[in-house]
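A.B. asks: Let's have the full structure, built from the sequences with the hints guiding it.
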Amino acid sequence: MKRKTIFLVALFFATTMITPISANAQEKKGYLKSLIEAKSYTGDNKLFVQWDESKEVPRFISGNLSQSPVTSSATVQKYLQENLDAFNLKGGEFKLINTEKDNLGFTHYKYQFEVDNIAVYGSEIIVHVNKDGVIDTINGQTEPSVPILKYSQNFKISKDKAVDNSIVETGLKKDAITKKDVSSVIYENNKTWSSAYQVNLSGLGFNWMLFIDGNTGKTIDKYDNLAHDAAIGTGIGQRGDTKTLNINSTSNGYILENVSGPGKITTADAYNGTEVPGTAVQSSTTNFNTDRGRAAVDAHYYVSKAAEYFKNNFGRQGFDGQGSPLNVAVHFDVNYVNAYFDGYNQLVFGDGDGRIAGNFAKAFDVVAHEFTHGVTANSARLTYRNQSGALNESFSDVFGAIIENKTDDLWTMGEDLGIPGQPLQVARNLSNPRLYGQPDNMSQYVNTTADSGGVHTNSGIPNKAFYNIATSIGTEKAVKIYYRALTTYLFASANFTDARSAIEKAANDLYGVNEKWNVSKGFYDVGVGGNPGQDPGQNLSLKAAQLSSDNPNNTGNYNLTLTVPKNNTAKTIKLTENNSTVILSQTIDASANDIVINKVFSNKAEGTYNYVAEVSDGTNTLTSQIKITVSNTQTPILQPADISVDNATNSGNYTLTIKLPSNNSATKVSLFENLSTTPILTQSVNVLQNPITLTKAFTNKPEGTYNYRVDVSDGITTKSSTIKVTVKQSIPSTDTWKENVLYKAGDKVIYNNVTYICLQGHTSLANWTPDVVPALWQRA
Numbered sequence: 001m002k003r004k005t006i007f008l009v010a011l012f013f014a015t016t017m018i019t020p021i022s023a024n025a026q027e028k029k030g031y032l033k034s035l036i037e038a039k040s041y042t043g044d045n046k047l048f049v050q051w052d053e054s055k056e057v058p059r060f061i062s063g064n065l066s067q068s069p070v071t072s073s074a075t076v077q078k079y080l081q082e083n084l085d086a087f088n089l090k091g092g093e094f095k096l097i098n099t100e101k102d103n104l105g106f107t108h109y110k111y112q113f114e115v116d117n118i119a120v121y122g123s124e125i126i127v128h129v130n131k132d133g134v135i136d137t138i139n140g141q142t143e144p145s146v147p148i149l150k151y152s153q154n155f156k157i158s159k160d161k162a163v164d165n166s167i168v169e170t171g172l173k174k175d176a177i178t179k180k181d182v183s184s185v186i187y188e189n190n191k192t193w194s195s196a197y198q199v200n201l202s203g204l205g206f207n208w209m210l211f212i213d214g215n216t217g218k219t220i221d222k223y224d225n226l227a228h229d230a231a232i233g234t235g236i237g238q239r240g241d242t243k244t245l246n247i248n249s250t251s252n253g254y255i256l257e258n259v260s261g262p263g264k265i266t267t268a269d270a271y272n273g274t275e276v277p278g279t280a281v282q283s284s285t286t287n288f289n290t291d292r293g294r295a296a297v298d299a300h301y302y303v304s305k306a307a308e309y310f311k312n313n314f315g316r317q318g319f320d321g322q323g324s325p326l327n328v329a330v331h332f333d334v335n336y337v338n339a340y341f342d343g344y345n346q347l348v349f350g351d352g353d354g355r356i357a358g359n360f361a362k363a364f365d366v367v368a369h370e371f372t373h374g375v376t377a378n379s380a381r382l383t384y385r386n387q388s389g390a391l392n393e394s395f396s397d398v399f400g401a402i403i404e405n406k407t408d409d410l411w412t413m414g415e416d417l418g419i420p421g422q423p424l425q426v427a428r429n430l431s432n433p434r435l436y437g438q439p440d441n442m443s444q445y446v447n448t449t450a451d452s453g454g455v456h457t458n459s460g461i462p463n464k465a466f467y468n469i470a471t472s473i474g475t476e477k478a479v480k481i482y483y484r485a486l487t488t489y490l491f492a493s494a495n496f497t498d499a500r501s502a503i504e505k506a507a508n509d510l511y512g513v514n515e516k517w518n519v520s521k522g523f524y525d526v527g528v529g530g531n532p533g534q535d536p537g538q539n540l541s542l543k544a545a546q547l548s549s550d551n552p553n554n555t556g557n558y559n560l561t562l563t564v565p566k567n568n569t570a571k572t573i574k575l576t577e578n579n580s581t582v583i584l585s586q587t588i589d590a591s592a593n594d595i596v597i598n599k600v601f602s603n604k605a606e607g608t609y610n611y612v613a614e615v616s617d618g619t620n621t622l623t624s625q626i627k628i629t630v631s632n633t634q635t636p637i638l639q640p641a642d643i644s645v646d647n648a649t650n651s652g653n654y655t656l657t658i659k660l661p662s663n664n665s666a667t668k669v670s671l672f673e674n675l676s677t678t679p680i681l682t683q684s685v686n687v688l689q690n691p692i693t694l695t696k697a698f699t700n701k702p703e704g705t706y707n708y709r710v711d712v713s714d715g716i717t718t719k720s721s722t723i724k725v726t727v728k729q730s731i732p733s734t735d736t737w738k739e740n741v742l743y744k745a746g747d748k749v750i751y752n753n754v755t756y757i758c759l760q761g762h763t764s765l766a767n768w769t770p771d772v773v774p775a776l777w778q779r780a
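Residue numbers 1 to 780, in this note's numbering, belong to the letters of the sequence shown in order.
Bear in mind the hints are in silico, worked out from the structure with no lab data behind them.
Possibly wrong hints are sitting among the right ones.
Calculated cross-link-like contacts (lysine-lysine; reagent style BS3-like; alpha-carbon spacing at most 25 Å) [to be verified]:
#1 K543 x K571
#2 K480 x K571
#3 K95 x K243
#4 K95 x K55
#5 K180 x K222
#6 K571 x K131
#7 K480 x K521
#8 K180 x K95
#9 K90 x K191
#10 K131 x K159
#11 K55 x K222
#12 K571 x K101
#13 K101 x K131
#14 K156 x K191
#15 K668 x K719
#16 K696 x K724
#17 K55 x K150
#18 K180 x K218
#19 K90 x K131
#20 K566 x K599
#21 K521 x K566
#22 K543 x K599
#23 K627 x K668
#24 K748 x K738
#25 K159 x K222
#26 K131 x K78
C.D. replies: Pasting the structure below:
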């Protein structure tokens, strides 16, 4: 099946299905898969799907995804198990990792996918339930290629042996390792799935993640998971300024310990050794004014300010959201040119070497950057390599810059690490990443195995995206959107495209379609994802829904159609009957397209029914209404047919749909093409009680314009309806993809017998084939 990377469709309910799906087929297929395959032409919905082309599975789905209210994690887990086929999973199960309810009334359930009760590494799903109990978003990564086997039987070595092998592999000394974590996982390497031990070894200046084959004991994969500042450090000591500090008293005086907020923060001096955190910095008075203590004062003050920022703006309780203690160490090692978060509960800052960089604790943005690594490690848990690692770095850069909030140079990171008289060597700039050697577009993406897959290099791309967004909607909105995306929608193996989807969803949750569009545009401008089209904010306003019926005077059977016009700020719609019964209530997004919702009513009792449609943007509300009369003694009248086409401008294949309302005296319907007097379809009908839907399919029609007329007749009178269809068969030529060719957006190429469309202008390189660079190419 040919799929586009993104599709977006307004959904409707057909009154009569010409070819119904069999009951057996429906029983075998999960609701979510049916929704996706039908592009949700199955009910009141609006579906968005982002596909993982390499795995042929969705990574991000939004819409009204559940048929009944979700009340607990058990309900969600049952839903996921019933819909494994939507992710092409042949077995296994999802295990709940975390549940979180936010201030918008959403509940977010994060699950780990397991086979044989063993976690499939990197396979996580987050299910988001709105305040009405409806699943409205599912995102994450699944691994459909993992075989369903008894992986537990393949562990032949012990966990202790896996740790020993890891120590040998890394060359670490046992006494240097302060923490060891081991867990069983199913891990993929070179398209082979193995029973493996995930071994995490951490200590001073390292945080190794290794994957050891549970059968052979050999190393499958490894990487350094230490979240540290990019390149080599900076720092020039203290400025001599006086800061107000939160400290704590002891029997011997005072120490740098902040107990005023959630999560105690204790700052210590490592005395240029490698034992951390070292000794808490002390003073006999409330003044910490020694020369050596200045780095500790800076670190303590800046870490406290970073924690305060997250608490005041997002209600976050400390770096981990749980108010856990945090240790801060300064003067680590001799001439140590770096800073890092150890992955657990410790921030470490070196003095620099006085040549490349000075003391790392001096730079407010660098300290806030490292604190944000702690936030990420306890929320999205972005894996520290490749694109997810670059996102990890980027989020720290974003919040580092914003927390520092330097009015004269907001967008430069690490400028305070420079040495006087020498050019900056470790800085980054969000507004112009290329200024310090980073790419600012996917066309410049650096494929490398160094630096954990270029995490400090390629972070320039999402950094630039944030700059684009912040300068279009303001930094206040932008950081709130980014925090929600980081803590709610992102997951460990997220890539740049996943980040765009997550940040778009967060923008729509918090603000609406205009901010969502600016997020899309910000990422599109750095080569991530497709063009979002025209800015909906240019002509957006709240517009009322249009209510109509195929049979306002009937004998109990009728359809209601609600049309919410596009360029609309409406966020919700509600339909009520006789001011009491709620027929539907759901969220909507009509910024770019009309939304059409159909409701079918059957065997209604005789009487008058008043329907009111209410749309709201959260501030204002508009209503529209319609009256339906049900009577058992109605006289049928001749009513014209409604004629529509699925594709008014096409390449020769299209279908006409003819709908005749009930309580209709029509006995015959005829379809004519152009000026012909001979009908191409004629059929006797009976629509006294029930409406009828007819279809006529056309294939391989020649290029040209076709005018169709539908006549309905009761033997005495005829009423007509018309529609025009245009066939264009001109198709641009498609060449085979080649290296070192300048491609423009919209160009088509063929690669490995698959046609691709160029999303972003670039010069092709050997490693940038269309099948591996989704930011540049998508399947046609």
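A.B. asks: Checking one constraint from the list: CA of K748 to CA of K738, max 25 Å. Satisfied?
C.D. replies: holds (12 Å)
A.B. asks: Would the pair K180 and K95 pass a check requiring their Cα atoms to be no farther apart than 25 Å?
C.D. replies: The given pair, whose Cα atoms are some 24 Å apart, holds under the 25 Å limit.
A.B. asks: CA of K566 to CA of K599, is that 25 Å or under?
C.D. replies: holds (20 Å)
A.B. asks: Do the alpha carbons of K543 and K571 lie within 25 Å of each other, as the hint requires?
C.D. replies: Judged against 25 Å, a Cα distance of about 11 Å means the pair holds.
A.B. asks: Keeping to a limit of 25 Å between CA atoms, is the pair of K131 and K78 held or broken?
C.D. replies: Holds - the C-alpha atoms of K78 and K131 are around 19 Å apart, at most 25 Å.
A.B. asks: Decide if the proposed pair is consistent with the structure: K131 and K159, CA atoms, cutoff 25 Å inclusive.
C.D. replies: Outside the cut-off at roughly 44 Å; violated.
A.B. asks: Quickly compare the C-alpha distance for K95 and K55 to 25 Å and report which way the hint goes.
C.D. replies: holds (22 Å)
A.B. asks: Would you check the hint for K101 and K131, treating anything up to 25 Å between C-alpha atoms as holding?
C.D. replies: holds (10 Å)
A.B. asks: Going straight from one Cα to the other, do K90 and K191 come out at no more than 25 Å?
C.D. replies: Measuring from Cα to Cα gives roughly 18 Å; hence the hint holds.
A.B. asks: Within a Cα-Cα threshold of 25 Å, do K159 and K222 meet the stated pairing?
C.D. replies: Answer holds: K159 to K222 is near 16 Å, not above 25 Å.
A.B. asks: Hey, K55 versus K222, does the alpha-carbon distance stay inside 25 Å?
C.D. replies: holds (23 Å)
A.B. asks: If you draw a straight line from the CA of K180 to the CA of K222, is it 25 Å or shorter?
C.D. replies: Holds. K180 to K222 sits at ~15 Å (cutoff 25 Å).
Checked against the numbered hints above, the structure violates hints 3, 10, 19, 23; every other hint is satisfied.
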